[in-house]
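Colleague: The listed protein sequences correspond, in order, to chains A and B.
Here the first sequence stands for residues 1 to 430, numbered as in full-length UniProt numbering.
Here the second sequence stands for residues 1 to 430, numbered as in full-length UniProt numbering.
No wet-lab data here; the hints were simulated from the structure.
Accuracy of the hints is not assured; some may be wrong.
The list treats identical chains as one, so a pair stands whether inside a single copy or across any two.
Stated by the list, open to error - EDC-like mimics (lysine to aspartate or glutamate), calculated; alpha carbons at most 16 Å apart, straight line:
| id | residue 1 | residue 2 |
| --- | --- | --- |
| 1 | K236 | E94 |
| 2 | K242 | E272 |
| 3 | K4 | E392 |
| 4 | K342 | D224 |
Number of protein chains: 2
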Amino acid sequence: MSEKVIKAALLGLGTVGSGVYKVLRNQKEEMPHKIGAVVEVEKILVRNLKKASAKVENPEILTNDWKTILEDESIEIVIEVMGGIEPARTYILEALNAGKHVVTANKDLVASHGQELLECAAEHNCDFLFEAAVAGGIPIIRPLKQCLAANHITEIMGIVNGTTNFILTKMTQEGMEFAQALALATELGYAEADPTADIQGLDAGRKMAIMASIAFNSRVTFDDVITEGITQISAKDIRYAKELGCVIKLLGVARNTENGIEVSVRPMLIPETHALATVNDSFNAVFLTGDAVGDAMFYGRGAGELPTASAIAGDVFDVARNIVFECTGRIGCTCYKQLPLKKADEMESRFFLRMHVSDCAGTLASIASVFGNNNVSIAQVIQKNKEGELAELVVVTSKVKEGNFNDAMMIIEGMSVVQKVSKVIRVYGD
Amino acid sequence: MSEKVIKAALLGLGTVGSGVYKVLRNQKEEMPHKIGAVVEVEKILVRNLKKASAKVENPEILTNDWKTILEDESIEIVIEVMGGIEPARTYILEALNAGKHVVTANKDLVASHGQELLECAAEHNCDFLFEAAVAGGIPIIRPLKQCLAANHITEIMGIVNGTTNFILTKMTQEGMEFAQALALATELGYAEADPTADIQGLDAGRKMAIMASIAFNSRVTFDDVITEGITQISAKDIRYAKELGCVIKLLGVARNTENGIEVSVRPMLIPETHALATVNDSFNAVFLTGDAVGDAMFYGRGAGELPTASAIAGDVFDVARNIVFECTGRIGCTCYKQLPLKKADEMESRFFLRMHVSDCAGTLASIASVFGNNNVSIAQVIQKNKEGELAELVVVTSKVKEGNFNDAMMIIEGMSVVQKVSKVIRVYGD
Numbered sequence: 001m002s003e004k005v006i007k008a009a010l011l012g013l014g015t016v017g018s019g020v021y022k023v024l025r026n027q028k029e030e031m032p033h034k035i036g037a038v039v040e041v042e043k044i045l046v047r048n049l050k051k052a053s054a055k056v057e058n059p060e061i062l063t064n065d066w067k068t069i070l071e072d073e074s075i076e077i078v079i080e081v082m083g084g085i086e087p088a089r090t091y092i093l094e095a096l097n098a099g100k101h102v103v104t105a106n107k108d109l110v111a112s113h114g115q116e117l118l119e120c121a122a123e124h125n126c127d128f129l130f131e132a133a134v135a136g137g138i139p140i141i142r143p144l145k146q147c148l149a150a151n152h153i154t155e156i157m158g159i160v161n162g163t164t165n166f167i168l169t170k171m172t173q174e175g176m177e178f179a180q181a182l183a184l185a186t187e188l189g190y191a192e193a194d195p196t197a198d199i200q201g202l203d204a205g206r207k208m209a210i211m212a213s214i215a216f217n218s219r220v221t222f223d224d225v226i227t228e229g230i231t232q233i234s235a236k237d238i239r240y241a242k243e244l245g246c247v248i249k250l251l252g253v254a255r256n257t258e259n260g261i262e263v264s265v266r267p268m269l270i271p272e273t274h275a276l277a278t279v280n281d282s283f284n285a286v287f288l289t290g291d292a293v294g295d296a297m298f299y300g301r302g303a304g305e306l307p308t309a310s311a312i313a314g315d316v317f318d319v320a321r322n323i324v325f326e327c328t329g330r331i332g333c334t335c336y337k338q339l340p341l342k343k344a345d346e347m348e349s350r351f352f353l354r355m356h357v358s359d360c361a362g363t364l365a366s367i368a369s370v371f372g373n374n375n376v377s378i379a380q381v382i383q384k385n386k387e388g389e390l391a392e393l394v395v396v397t398s399k400v401k402e403g404n405f406n407d408a409m410m411i412i413e414g415m416s417v418v419q420k421v422s423k424v425i426r427v428y429g430d
Numbered sequence: 001m002s003e004k005v006i007k008a009a010l011l012g013l014g015t016v017g018s019g020v021y022k023v024l025r026n027q028k029e030e031m032p033h034k035i036g037a038v039v040e041v042e043k044i045l046v047r048n049l050k051k052a053s054a055k056v057e058n059p060e061i062l063t064n065d066w067k068t069i070l071e072d073e074s075i076e077i078v079i080e081v082m083g084g085i086e087p088a089r090t091y092i093l094e095a096l097n098a099g100k101h102v103v104t105a106n107k108d109l110v111a112s113h114g115q116e117l118l119e120c121a122a123e124h125n126c127d128f129l130f131e132a133a134v135a136g137g138i139p140i141i142r143p144l145k146q147c148l149a150a151n152h153i154t155e156i157m158g159i160v161n162g163t164t165n166f167i168l169t170k171m172t173q174e175g176m177e178f179a180q181a182l183a184l185a186t187e188l189g190y191a192e193a194d195p196t197a198d199i200q201g202l203d204a205g206r207k208m209a210i211m212a213s214i215a216f217n218s219r220v221t222f223d224d225v226i227t228e229g230i231t232q233i234s235a236k237d238i239r240y241a242k243e244l245g246c247v248i249k250l251l252g253v254a255r256n257t258e259n260g261i262e263v264s265v266r267p268m269l270i271p272e273t274h275a276l277a278t279v280n281d282s283f284n285a286v287f288l289t290g291d292a293v294g295d296a297m298f299y300g301r302g303a304g305e306l307p308t309a310s311a312i313a314g315d316v317f318d319v320a321r322n323i324v325f326e327c328t329g330r331i332g333c334t335c336y337k338q339l340p341l342k343k344a345d346e347m348e349s350r351f352f353l354r355m356h357v358s359d360c361a362g363t364l365a366s367i368a369s370v371f372g373n374n375n376v377s378i379a380q381v382i383q384k385n386k387e388g389e390l391a392e393l394v395v396v397t398s399k400v401k402e403g404n405f406n407d408a409m410m411i412i413e414g415m416s417v418v419q420k421v422s423k424v425i426r427v428y429g430d
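Produce the entire structure from the sequences given, and follow the hints as far as they go.
Modeller: Quick look at the structure:
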C-alpha cells in the first residue's frame, strides 16, 4: 500500500476547523488503505496565533499569512472553513489559480459565487467540493451528482436549518412561544449571538439555492430564493396546525416545473404523516422526488463540529483519490441548463389563514364569496374562540395561484366584517 | 461537449433490466453533459428472443449468446441484472477478465462472492459497482465509501426488505395476522410466488452482509449473518409491543464492537420514537452511527423497476466518467481489515418474552429468581389475560448476555409453573 503523502492547508480553526483537524488525525492509519495516500495538515491559517496554539499538537504549523500557504507548492489541497464571502472568495480563487484543489463548507459563498468558483476550478482541472455546505454531515451533494444522476429530479425540499427546527420543535412539543424557544436555543448553543440568518430563513435559503442548482442542473443563486422567517409563528398557529393534522416546519421547497424553477424557504404546515414532519430538534433532512428513484430522504446532523467535519473529510478523501488516480476535476459544475425562474404570480400554494371577524350571520358567506370570485377555493374552515363580538376564523384553501390569493386578500383585508388578518402561512401539498 | 459513445451490454431484461433500458434512454440527451459521453446499450442477453423483442425498439440488439457479448471488444460495460449465483458469477468473472467494467444489482452474488469479484476487478483495473444490491434506489454504498469514509462506523442497521416491511405494517396498522398480510402482499405483487427468501430474512441478511463489509472495512459474508424470519410474529405480539411503546420491524443490525463484528436480521421491538419505526409499507431505510457524523438515515424505495434502475444507472454513469477520465478502478474493495466475528454467547440484547404460567402466588417470584441467578435483570413485566388457571406473562429484560438469557430460559421452560413459552423476540436498544 502506497504511503504517498498529500499535504493540505486548513483556513480557519474555529469549531468546524478543529473538527476537521481531529477527524483527519483520527483517520491517519486508515487513510493509506482507504485512499492510497495520507493527507497531512501542513499549515493552518488563523487570525490569532497564540489563541490557536492550544488547539494543535505542533503550533509551528499555524500561520496568519495566507501567502505562505498560497506559495507553498507542496500544498495540494486547501480546506476553507473560515466562512463569509471575503477574504474566503479571494483565497479560494487564488488557490485554484495556483492549481490547488479546494474543499469548503462555505454556503454563503457557494450560494452566491458558486459558478465563478466552479468555472475557475474547471479551468485548472482542479476539484472544488462542498458537501459540507448543505445539511452538514448528511451526504446530499455527492448522492445528487452521482448516485441519483440518472434521475430527472422534480422536487427537492428540506429542513436544512437546525436552529429553527429546534425552536419549532420546542414550540410544538412544549407549547413555548417563539421568544422563549429562541432564548433556550441560544442558552444551549443552538442559536448564534445574532440569530438573524437562521430565524429569517437566509441560511436555509443559501442551502436551497445550492441544492436546487445541483438537483435541476441549472444555476440558482441565493438572490433567486424567496425567504420568509419563523419570527411571526406563534404557539397558537401551531395548535391550529395540530387540529388540522399538521406540524409547522421551516421548509425549503424547490420545484422544477414546466413554467420554470421555484425555490423558497418558508414556515409551512406539513401533514404529520409526511416523513419530514418527524424530523425534530436540531436534526436536518432532505426529501426529494425523482422520475426513477421516486421518493427518497436523507436525515442526520446538519451542523456541529464533527458532523460538518465528516462531510469535509469525505470530500478531502475524494480529492486525494483523484490526485492518486490523476483524475482531478472528474466531477465539476453540473449546471448545464439555463432554466427560467417561475414568476411569483404563477406559483401555486395552499394557504392557512387566521383572522378575527365580526361574529354575525353572513360573515363567512361574504368572505367565501370574495375567495370564490377570485378562483380561490376553500378546503377547510374552523370558526371558534369567540372574543367579545369577534370570532376567530381559520381558513385553509385548496391549491391556488398566488396571484389569485393575493387579489382576494386585498379585498378581504378591506372588508368591514374583518377586523384583522393575523396570520397567513403556506400549507405543503396538493 | 464530447460525444464519445461508450457501449454497454445488459444481461437480463426482466423487471430491473427493462427499468435500466428505460432510464438510460430517458437520460440520452443529458448524458453528454453529465458524464462527458453517451452510454448506449449495444446488446441485451435474454433467454427468449421472441418474448423480449416486444420490450425493445430494435430487436437486433437482443442475443441469447453470452459469447457474442464477451467477445465484442467495443462493449466496455456489462450490466448484470439476471440475479442468482450462476451463470451470473461466471459471466461477471469472464467480463472482468476481458477488461470490461461491471455493474450489478445481484445481492446474492455480492454477499457470497464479493471478495472474489472485487479482487478480479482490481487485477484488471476495472470497476465493479453494486449500489443497487442494497436497498434498491437508496444511495448507501457510495455514501459509505465516499461521503462517510472519514468515519469509524460503529453500527449500521436497516429495514432492507420491502416485502416483510409491508407485511408487518399491515399487521400493525390493520391488526392482520401474518398469513393474511402475506396473502395481501402476494396479491399486490409485493411478495414473490415463493416468498421464503424474504419472510425468512435471507434477502435482508445478504444486504446486511454487504453493508457491514463496507461500513466496517472487513469482509462479512452471508454465512456470517444470523437470520430469523417473521413467520412466527403474531398480531398479539404486535399489540403487546404497542403497549410497551414499540413497533415490531424486521431489523438488520450490524455492530462493530471491541469483541468483534456481529450481524443479524431478526424481528425486533423498536421504540416508536426511533426514526426507523416510522418507515412503513414497502419503504426501506438504513440508519447508521459514525464517530464523526453521529446518527444518519437514508430512506426510500428498496426495490422496483425504476428505483433499482436509478441506482444501476448511477453506477453506469460513474463507470463512464471513470472511462472518460481514465481512472477506472478508482474505488474498489474497501475491506482492508480482518476483524473477528463476535461469539454468539457474548452478544448482548434485550428480550421480550411471552409465556403462559400458573396463576398462583409465587410464580412471578420464582421466575424472577431464575433470571436473577443467571444475571438477567428484568426491566418490565405485564401480567394479564387470565385464561382459566393460566395467566399470560410478558417480560422485558434489560440488556443481557445471550448466553445468560439462554441458560435462564432452559430452566424456566422446565419449571412446573410455566406451561409454555410462546414467544421470544429481541428488543432494540439499551
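Colleague: Please go over all the hints and tell whether each is borne out by the structure.
Modeller: A quick look at each hint next to the structure:
1. Taking CA atoms no more than 16 Å apart as the test, K236 paired with E94 passes in neither setting, with 52 Å inside one copy and 67 Å between copies.
2. In this homomeric assembly, K242 and E272 come within 16 Å of each other (Cα to Cα) only inside a single copy, at 8 Å, whereas the closest approach across copies is 19 Å.
3. For a Cα distance limit of 16 Å, the shortest separation of K4 from E392 qualifies neither inside one copy, at 70 Å, nor across copies, at 65 Å.
4. Within a single copy, K342 and D224 get their C-alpha atoms as close as 10 Å, which meets the 16 Å cut-off; across copies the closest is 54 Å, which misses it.
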